[in-house]
Amino acid sequence: MSVGETIPVLDLGPYLAGESGALDRTAQELRFALTQIGFYFVTNHGISGERIRDIYAQAARFHAQPLDRKMDVRIDKHNVGYLPMRGDTLRTSTVQTVTKANLNEAFFVARDLPSDHPDVIADRRFRSANLWPRDLPGFRDSVVAYCDAMERLAQKLMPLYARALDLPAAYFDAAFQDCQYKLRMTHYPPQDAPVVDEFGIAPHTDTSFLTLLAPNDVAGLSIRTQSGKWIDAPAIP
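Numbering-wise (UniProt numbering), the sequence shown opens with residue 1 and increments by one.
Among the hints, erroneous ones may be present.
Claimed, not checked - Estimated spans, in silico, between C-beta atoms of each pair:
{"no.": "1", "residue 1": "ARG134", "residue 2": "PRO234", "range": "36 to 46 Å"}
{"no.": "2", "residue 1": "SER115", "residue 2": "ILE223", "range": "36 to 46 Å"}
{"no.": "3", "residue 1": "ARG86", "residue 2": "LEU213", "range": "32 to 42 Å"}
What the hints assert, rightly or not - Capping the alpha-carbon separation at 20 Å, the derived lysine-lysine pairs in PhoX-like fashion look like this:
{"no.": "4", "residue 1": "LYS70", "residue 2": "LYS182"}
{"no.": "5", "residue 1": "LYS182", "residue 2": "LYS77"}
{"no.": "6", "residue 1": "LYS156", "residue 2": "LYS182"}
Worth flagging that the hints you see were computed from the coordinates, not collected in a lab. Backbone N, C-alpha and C fix where the C-beta goes; we use that ideal spot for every residue, glycine too.
Given these sequences and hints, build the entire structure.
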């Protein structure tokens, strides 16, 4: 494949270890990845395999519940909670006319604010308390721990993004001190045969600053290159 059709791999090890010059070297690799294809893998990121395996196990626990139990925490106006199968249709794609609902179910978690937090009391949009399932011991603690680990990693990536844009390394720091995030724990059931205009999740561009996807040993993710070609992202155990 050509350069624009190969998903880059960024080794964060030297940068996270504080090696001299590693910030700018890695930032240039990031700039190349984002301008050439818009997607990349990272290695030596500091998130343990145990942590990643645990969040997949917690997602499986949640989705294995009976539907009525999951519907007890159905998604609310703050976009936290359970989104049932075919619960949304992604109509914002610029590369695909989408008319059918997505073939997935998902559980959304935001920053875990306490019920007495001023934003929760004020019912501020997207700053609510999470909706947690009953009868899943350890679920909340595991999910929050994973979110905390992802937030720490995202904050470590901010200087790389700043330097990739030729900005001071600390440029984004203040904006991410109390940022909003969402964890989406998605279940894509296997499908018997492909159907026209029907997707696990339709072609889309995420609208947040940054999306972190945990590695998965099940293939299914496709990336659209700058030339418009779709390439399959390899499954990574």
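Status of the hints after comparison with the structure:
{"no.": "1", "hint": "ARG134 - PRO234: 36 to 46 Å", "verdict": "38 Å, holds"}
{"no.": "2", "hint": "SER115 - ILE223: 36 to 46 Å", "verdict": "40 Å, holds"}
{"no.": "3", "hint": "ARG86 - LEU213: 32 to 42 Å", "verdict": "22 Å, violated"}
{"no.": "4", "hint": "LYS70 - LYS182", "verdict": "18 Å, holds"}
{"no.": "5", "hint": "LYS182 - LYS77", "verdict": "14 Å, holds"}
{"no.": "6", "hint": "LYS156 - LYS182", "verdict": "18 Å, holds"}
When each numbered hint is compared with the structure, a violation occurs for hint 3 only.
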